[in-house]
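Given chain A, work out where chain B should sit, using these hints.
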Amino acid sequence: MSQATPDTPSRTGLELRKADIAFGARRGLHGIDLRVAAGERMALLGPSGVGKTSILRAIAGLDPLLDGEVLVNGVDVSRIAPERRSVVYLHQTPTLFPHLSVQDNIGFPMEVRGATRRDARRRADALLARVRMTKFASRMPASLSGGQRHRVALARALAADPAVLLLDEPFAALDPALRAEVRDAVFAMLDEVSGPAVIVVTHDIDEAAALADAIAVLLDGAVAQHATPTVVLTRPASLAVARFLGLPNIVDGVVDGAGAFVSDLGVFAARCAPGPAALVSRADAVRVAVHTNHASRADGDRTDGEPAMVRTGVVRRVQQCLGGALVRVQLGAHHVTATISDGESPSVGDLVAVHIDPTRVHVVPVDATRTSDHRRV
Amino acid sequence: MITSPSAITERHSRSGTPASRPLLVGLAFVSLSPVLLLALRATGAAWRYPAILPSQRGVDALIAGLRGPTLVQALGTSVLLAAMTGVLGTAFGFVAGRALVRATASVRRFAAVAAFLPVVAPPIALGVGVQVLALRAGVGGGLTGVLLAHLVPAAGYLTLYFLGVLGAYDLSMEDEARTLGATPWQCFIRVTLPTLRPRLIEALLLGALVSWGQLALTLLVGGGVVRTLPVELLAFVRAGDDRLGAAAAIVLTILPALALSMLQRGAKRTGAVT
Chain A
1 MSQATPDTPS
11 RTGLELRKAD
21 IAFGARRGLH
31 GIDLRVAAGE
41 RMALLGPSGV
51 GKTSILRAIA
61 GLDPLLDGEV
71 LVNGVDVSRI
81 APERRSVVYL
91 HQTPTLFPHL
101 SVQDNIGFPM
111 EVRGATRRDA
121 RRRADALLAR
131 VRMTKFASRM
141 PASLSGGQRH
151 RVALARALAA
161 DPAVLLLDEP
171 FAALDPALRA
181 EVRDAVFAML
191 DEVSGPAVIV
201 VTHDIDEAAA
211 LADAIAVLLD
221 GAVAQHATPT
231 VVLTRPASLA
241 VARFLGLPNI
251 VDGVVDGAGA
261 FVSDLGVFAA
271 RCAPGPAALV
281 SRADAVRVAV
291 HTNHASRADG
301 DRTDGEPAMV
311 RTGVVRRVQQ
321 CLGGALVRVQ
331 LGAHHVTATI
341 SDGESPSVGD
351 LVAVHIDPTR
361 VHVVPVDATR
371 TSDHRRV
Chain B
1 MITSPSAITE
11 RHSRSGTPAS
21 RPLLVGLAFV
31 SLSPVLLLAL
41 RATGAAWRYP
51 AILPSQRGVD
61 ALIAGLRGPT
71 LVQALGTSVL
81 LAAMTGVLGT
91 AFGFVAGRAL
101 VRATASVRRF
111 AAVAAFLPVV
121 APPIALGVGV
131 QVLALRAGVG
141 GGLTGVLLAH
151 LVPAAGYLTL
161 YFLGVLGAYD
171 LSMEDEARTL
181 GATPWQCFIR
191 VTLPTLRPRL
201 IEALLLGALV
211 SWGQLALTLL
221 VGGGVVRTLP
231 VELLAFVRAG
241 DDRLGAAAAI
251 VLTILPALAL
261 SMLQRGAKRT
271 GAVT
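Residue numbers (this note's numbering), protein chains in the order written: chain A, 1 to 377; chain B, 1 to 274.
With the rest of the complex left out, here is chain A (with noise of 0.2 Å):
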């Protein structure tokens, strides 16, 4: 193992080794493994309640760690106080000490571990500088919005110059219209800082996708996938976390020994093993067109020259969503969610053609001992 310490880094940021993890009274999380570059940022998405905050207040060190190593830059911190791990941990709420000003809460990080009064408020309003908050340096917290206080805690953990920065849930506090200037601010700003491995946790998927380097999905307290998001997003390893991702189409069949998923809809080339699977895909990988002569307008926005399978259905329900307008449409005893192509705008009940990318569709195994594969769209 290398001699560096968290002080003197080898900046190879965090690793997480077969950590057992206790989760409220019990031991919730198994032999968990993560790996973080430094300056990468990685999402921890799962669902509500499957441990995402305890793994971060492990590494943090504020929770214990049952078994397992935190290696931060290459050094076991696992049996050592928080305060010495080079590991910041923000709250979901920001949590700054109300007593303290704006600027003396930027140099709280830099006066605990002995600078001046006069060079903690220096480098704090550096910082400030940084994320265009200098004149509110004399402010007490009280006095800041939501998206300021959010501004002060991330300048309050950069100038604890952190090995690695956890973030749970940063954003969740926050309304859709602030949520997006904090966090496109935020994420500006650690743009400017070479530096820590970053974890961010979330339940907004399209924000880890847009913002992390990779996604770690935790699902039945095991991490289920990590991967890069376009990965994860068009790949996921299992039924169960094309499920989480709230992947719309799902489709049950088969794989047969020659690698051929079989379905009501069709014949798909599959990956995994002879078994029970289901076709996953998202919406984007299926495309409608109103009339069934349009099939080779809808076609036509392939590009690698596989063709597309083609089948037809009845539009049952159109929605209208921030991206687009998406048809879920039935195509026999299935429905599928699909997206519509150029200059169509399906009805309620229009005959359409319903055209699947091979490419962009995956066939995941399903596991029969796992009750949460069995659910049937």
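Derived from the structure by calculation, the hints contain no laboratory data. Do not take every clue at face value.
[To be verified] Computed, partial: chain B to chain A, Cβ under 10 Å: (1) R41; (2) S172; (3) G181; (4) P194.
Even for Gly, the Cβ is constructed at its ideal location relative to N, Cα and C.
Relative to the frame of chain A, chain B by itself:
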């Protein structure tokens, strides 16, 4: 003329509803009249039945009495006991409250009942039990025994008080302070104490007040040797010296009233922090 709802609300918030005014006057009369009567008695040289007011007024004898060693010593003993009860009771209540806030719900419930018992028990009943313990511990009849006796109800009050205060206190602030580099001691000195300062001052005063007016416990455990202001007040009244008794009662009333009023002004200036 149409009066807007906001105007009605504003007017009511200033002077209360018409029906509440007699109640407020009655409350003020009940609260203030005993103090006024005490003041009249303390400053009246002679007040014989059926005179409505004292026939002779003068404060010379009163000042001489207050300057006498009996009341001054009693005042000193009371202040010392109240201060120590406030400090020790606050320390105990704070530590117990912190431990209990992090404990399981069943432990918290049990502890709350335990803390509640000395609060609800009549002082005379509590005193009998504490007297036995103090005598067995060899501290009966002394200041230490009386202090321990005063601490019993004070610790109960303050444990319950801190259970409430710390239940609403955001512990995540301390967690963040630790990860920002503060040791547990730095965290306590730089975060916990300043954040809870108004509540700690309130607790000090609450503990002091429990001791300040304590008579039954002082008499039973102090055995008449420890002479606090309430004990001397009782002695004056029993000896028929109503004038010094009234003066002692005023001192007994005014000091905590002044302290509470200062605390309230301080709370208005700084705002509540929990």
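message = Quick check on the hint: P194/B CB to chain A CB, less than 10 Å?
response = Given a least distance of 4 Å, the restraint on P194/B holds.
Restraint outcome when G181/B is required to lie within 10 Å of chain A by C-beta distance = 5 Å, holds
ask   = Close enough to count: is the Cβ of R41/B nearer than 10 Å to one in chain A?
value = For R41/B, the interface hint is violated, since the closest Cβ of chain A sits about 46 Å away, which is over 10 Å.
key: Status of the hint placing S172/B at chain A (closest C-beta pair under 10 Å)   = At about 4 Å, which falls below the 10 Å cut-off, the nearest Cβ of chain A leaves the hint on S172/B intact, so it holds.
Against the hints set out earlier in the document, a violation occurs for number 1 only.
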